[in-house]
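First to last, the sequence lines map onto chains A and B. Mapping to my numbering: the first sequence position 152 is 158, numbers consecutive. Mapping to my numbering: the second sequence position 157 is 252, numbers consecutive.
Do not take every clue at face value.
What the hints assert, rightly or not - Under the rule of at most 35 angstroms between Cα atoms (straight-line distance), these lysine-lysine pairs were calculated in the DSBU-like manner: (1) K70(A) - K197(B); (2) K178(B) - K110(B); (3) K274(B) - K184(A); (4) K184(A) - K178(B); (5) K197(B) - K184(A); (6) K203(A) - K173(B); (7) K115(B) - K70(A); (8) K119(A) - K73(A); (9) K173(B) - K245(A); (10) K197(B) - K203(A); (11) K96(A) - K119(A); (12) K197(B) - K173(B); (13) K184(A) - K232(B); (14) K169(B) - K73(A); (15) K289(B) - K184(A).
Honestly, the hints are just simulated from the structure, not real lab data.
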Amino acid sequence: MRDIAIGQYYPVDSVMHRLDPRVKILAVLIYIVTIFFIDTFIAYGGLLLFLTAVILLSHVPPLKVLKSLRMIVYLVVFTVLITLLFYNGKPDDLLWQWWIVKIYRTAIHSSLKMALRIMFLIVGPTMLTFTTTPVALTDGVERLLAPLKLIRVPVHSIAMIMSIALRLIPTLVEEMDKIKNAQKARGADFDSKNIFKRAISLVPVLIPLFVSSFRRANDLADAMDSRCYRGAKGRTRMKVLRLTAKDFAAMLIMAAVLFMFLWLNFNFFPGLVDFRALPWFV
Amino acid sequence: MPVEIRGLSYDYDQKTKFQKRALFDIGFTVRDGDFLGIVGHTGSGKSTLVTHFNALNRVQQGTVVVDGVDLSQKFDYKALRAKVGMVFQYPEYQLFDETVYKDVAFGPKNLGLDEREIAVRVEAAIRMVGLDYDAVKERSPFELSGGQMRRAAIAGVLAMRPEILILDEPTAGLDPRGKREVMRLIQGFRAMCKIIVMISHNMDEVAANCSRIIVMNEGRVYGDYAPEELFHNEELLSALRIDMPAVCTLTRRLNERGFSLPEDTLDEAVLLERLVGAVRAKRGGGHA
Numbered sequence: 007m008r009d010i011a012i013g014q015y016y017p018v019d020s021v022m023h024r025l026d027p028r029v030k031i032l033a034v035l036i037y038i039v040t041i042f043f044i045d046t047f048i049a050y051g052g053l054l055l056f057l058t059a060v061i062l063l064s065h066v067p068p069l070k071v072l073k074s075l076r077m078i079v080y081l082v083v084f085t086v087l088i089t090l091l092f093y094n095g096k097p098d099d100l101l102w103q104w105w106i107v108k109i110y111r112t113a114i115h116s117s118l119k120m121a122l123r124i125m126f127l128i129v130g131p132t133m134l135t136f137t138t139t140p141v142a143l144t145d146g147v148e149r150l151l152a153p154l155k156l157i158r159v160p161v162h163s164i165a166m167i168m169s170i171a172l173r174l175i176p177t178l179v180e181e182m183d184k185i186k187n188a189q190k191a192r193g194a195d196f197d198s199k200n201i202f203k204r205a206i207s208l209v210p211v212l213i214p215l216f217v218s219s220f221r222r223a224n225d226l227a228d229a230m231d232s233r234c235y236r237g238a239k240g241r242t243r244m245k246v247l248r249l250t251a252k253d254f255a256a257m258l259i260m261a262a263v264l265f266m267f268l269w270l271n272f273n274f275f276p277g278l279v280d281f282r283a284l285p286w287f288v
Numbered sequence: 096m097p098v099e100i101r102g103l104s105y106d107y108d109q110k111t112k113f114q115k116r117a118l119f120d121i122g123f124t125v126r127d128g129d130f131l132g133i134v135g136h137t138g139s140g141k142s143t144l145v146t147h148f149n150a151l152n153r154v155q156q157g158t159v160v161v162d163g164v165d166l167s168q169k170f171d172y173k174a175l176r177a178k179v180g181m182v183f184q185y186p187e188y189q190l191f192d193e194t195v196y197k198d199v200a201f202g203p204k205n206l207g208l209d210e211r212e213i214a215v216r217v218e219a220a221i222r223m224v225g226l227d228y229d230a231v232k233e234r235s236p237f238e239l240s241g242g243q244m245r246r247a248a249i250a251g252v253l254a255m256r257p258e259i260l261i262l263d264e265p266t267a268g269l270d271p272r273g274k275r276e277v278m279r280l281i282q283g284f285r286a287m288c289k290i291i292v293m294i295s296h297n298m299d300e301v302a303a304n305c306s307r308i309i310v311m312n313e314g315r316v317y318g319d320y321a322p323e324e325l326f327h328n329e330e331l332l333s334a335l336r337i338d339m340p341a342v343c344t345l346t347r348r349l350n351e352r353g354f355s356l357p358e359d360t361l362d363e364a365v366l367l368e369r370l371v372g373a374v375r376a377k378r379g380g381g382h383a
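Given the sequences, and given the hints that come with them, work out the whole structure.
Next comes the structure, spelled out in structure tokens:
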């Protein structure tokens, strides 16, 4: 449980860390949408270059970033296998056949792209949380959602809930370790090979964890109440987010990069450069 | 049933950037009949040390031998945890089952005992912590009061009939009366458990109950003392930044005000008796 990389902040100083959280959140949104639009290897290659640049700029050790992929290994393998086995391609793409298993060339391409997509989807947001403190992140979300206040969406409350939830993740992990140890001391076995037994063995951990979450929530509500917390009304901020030159630069770069990807993918200007002519354009 | 610790060192987050040594070359032996108090400041390694006794922390360097079983080798976890019971800080936070009976039965059940033996042990354990068995057995542990919950949780450990009982701050967060009652119960456990180890920040409790005290400081054993030896030594206490128990402070204050009581007891009753004697002697002298 200790190596959950998602939602983890990596405290170093870098350009990426100093960018305005709003810019980073928007960039990640654009990035995610882009991933769903593009489906050619050449565009994925561009995406990989872009990600590498982001990682290098962020001063987060690349190995640490790769570790965030560890928890989706099974998902990726599973997706690749399913796509490979059940893909129905054209007969002339058939590479290999045995009994009812048919492997198509297009299936290999498709499954590889699927795997890349999943990995890109994880790494991008991970870079956001690596370079942005939870506080900055929720600040950014609150400011970005601000227009929704017009239609009475409780934006401030949503942001507050988010920041509290993020803040409590490590606390709950620690609490869970403690409860687990206490039940282990009473002879509980959490390492059973049988997956059902293992699920049931977690009940004595999860129930105390829920109970203590409610207790914590109550205590926290009291503490906030006693310091006169009344929600968003009349509340000012200590640190007001301001866009600076580098933020505008980042937005420009992001727009340019987005355009690049779409160009690579959809081959907008075949008269200028025809990517489709490249032998490995698939 | 001794616990022998030799050259025990322990690192947190071993082989990572955050690696931090928590225990440095610890060595001592706990013998049958010991009521061992472990004291020291927060972060001195007390909890890390005791969680080695039932292998919640694996031995990294050195050896821990519990009743002849070397914990740095392969061994039977369940047998060890049946032998070494551990009551964690705020144990009431680990209650989970529908009824107090079922919760207390969790440990014995994990040991694979049969229903009849479990029933006998659960009833005995609940009575041992001073709860009314018939009144609480079918109640949800979450309906109990704070003090009762703590007792129910302690019963959950006792029901495993441990020969070594480890208690981490058993009275933390209780009111003074609750503290006294829990300590009185723990004294009663000595009939069942050959060794009791208690971590505590409350020097009054340590002074009144422990037969031996180990002082931890920054991951090392600073010293191993008899209670009288430690608590009447003011220089030692201030060097270790440990509070003096109320009994010793009172004795000193009284002596500053003209009494000459011997500074060798940690027992409130003995002090009171001597004080009464001294006052009587003074009055007697005054009248004469």
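Structure-based check of each hint:
1. K70(A) - K197(B): At roughly 44 angstroms apart (the allowed maximum being 35 angstroms), K197(B) and K70(A) break the hint.
2. K178(B) - K110(B): Holds, at roughly 32 angstroms.
3. K274(B) - K184(A): 23 angstroms, holds
4. K184(A) - K178(B): At roughly 20 angstroms apart (the allowed maximum being 35 angstroms), K178(B) and K184(A) satisfy the hint.
5. K197(B) - K184(A): 21 angstroms, holds
6. K203(A) - K173(B): Distance of about 17 angstroms is within 35 angstroms: holds.
7. K115(B) - K70(A): 20 angstroms, holds
8. K119(A) - K73(A): 20 angstroms, holds
9. K173(B) - K245(A): 54 angstroms, violated
10. K197(B) - K203(A): Cα-Cα ~18 angstroms, so holds.
11. K96(A) - K119(A): 18 angstroms, holds
12. K197(B) - K173(B): 20 angstroms, holds
13. K184(A) - K232(B): 26 angstroms, holds
14. K169(B) - K73(A): 31 angstroms, holds
15. K289(B) - K184(A): 26 angstroms, holds
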